[in-house]
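Engineer: Listed below are the residues making up each chain.
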Amino acid sequence: DSGVTQTPKHLITATGQRVTLRCSPRSGDLSVYWYQQSLDQGLQFLIQYYNGEERAKGNILERFSAQQFPDLHSELNLSSLELGDSALYFCASSTGGAGSPLHFGNGTRLTVT
Amino acid sequence: DAKTTQPTSMDCAEGRAANLPCNHSTISGNEYVYWYRQIHSQGPQYIIHGLKNNETNEMASLIITEDRKSSTLILPHATLRDTAVYYCIVRVASGSARQLTFGSGTQLTVLP
Chain A
61 DSGVTQTPKH LITATGQRVT LRCSPRSGDL SVYWYQQSLD QGLQFLIQYY
111 NGEERAKGNI LERFSAQQFP DLHSELNLSS LELGDSALYF CASSTGGAGS
161 PLHFGNGTRL TVT
Chain B
5 DAKTTQPTSM DCAEGRAANL PCNHSTISGN EYVYWYRQIH SQGPQYIIHG
55 LKNNETNEMA SLIITEDRKS STLILPHATL RDTAVYYCIV RVASGSARQL
105 TFGSGTQLTV LP
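Just so you know, the sequences run in chain order A and B. As numbered in the numbering used here, the first sequence has no gaps in its residue numbers, which increase by one up to the final residue, 173. As numbered in the numbering used here, the second sequence has no gaps in its residue numbers, which increase by one up to the final residue, 116.
Warning: the hint list may mix true and false statements.
As the list claims (entries may be wrong) - Derived DSBU-like pairs: lysine-lysine, alpha-carbon spacing no greater than 30 Å straight-line:
(1) A:117 with B:73
(2) B:7 with A:117
(3) A:69 with A:117
(4) B:56 with B:73
(5) B:56 with B:7
(6) B:7 with B:73
It is worth saying that the hints were derived from the structure and are not from the lab.
Input sequences plus hints: build the corresponding full structure.
Structural biologist: Structure representation (structure tokens):
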């Protein structure tokens with residue numbers, strides 16, 4: 061158990077809808093990262109937050125947004141969903157210190173029908 | 005961050021040591037080497053990381069060559085549950101930890 065909690069584990073929704081994925085980082089970790097893993101692609105970095113502030117952006121679509129709250133949990137919002145958004149979405153956390161490893165949750169499997 | 009090269013796949017007999025190589029010939033002095041694994045559709049699992057010295061923990065050993073251009077992850081007694089994709093990643097150590105960039109990794113299959 062990595063200590064990173066993601067909810068829900070599974071989500072099935074229709075095209076055009078909006079969903080919110082939630083992540084609780086490990087106790088004491090200030091950085092949160094979001095990744096997407098589609099069936100035919102590797103792990104793609106989406107976005108990073110550190111202590112409530114956006115720190116880095118990767119291949120995140122404009123239809124997607126995220127935030128980190130004062131209690132350090134994070135939410136990833138996906139809107140105007142398309143079939144191609146079906147994927148596993150992973151959250152990871154780290155202390156944010158130099159060299160600190162990321163610890164991943166077990167993901168949310170999103171299916172868009 | 006430096007690029008890494010790993011074999012696409014490897015097999016290992018159960019109970020034997022699994023040695024997974026990684027080439028990172030363009031690594032710079034302030035870059036760490038990290039190893040993760042992903043068992044089918046689960047979240048990537050952190051294994052070990054190092055900067056210059058060899059490292060060992062309860063899961064594995066990491067051997068980094070003196071010139072730091074390559075490394076080997078060693079699973080001392082592989083079990084069937086070690087079958088997974090193993091990722092070798094190089095990342096700059098900075099004051100604000102940056103994201104990890106995953107490549108294709110090595111599919112390790114442990115055979116009974």
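Engineer: Take the hints in turn and mark each one as holding or not.
Structural biologist: Right, here's what the structure says about each hint:
1. A:117 with B:73: holds, 29 Å
2. B:7 with A:117: holds, 20 Å
3. A:69 with A:117: Roughly 24 Å separates the two Cα atoms, so the pair holds.
4. B:56 with B:73: Within the cut-off at roughly 11 Å; holds.
5. B:56 with B:7: holds, 17 Å
6. B:7 with B:73: Status holds; Cα separation ~11 Å.
Hint compliance for this structure: every hint is met.
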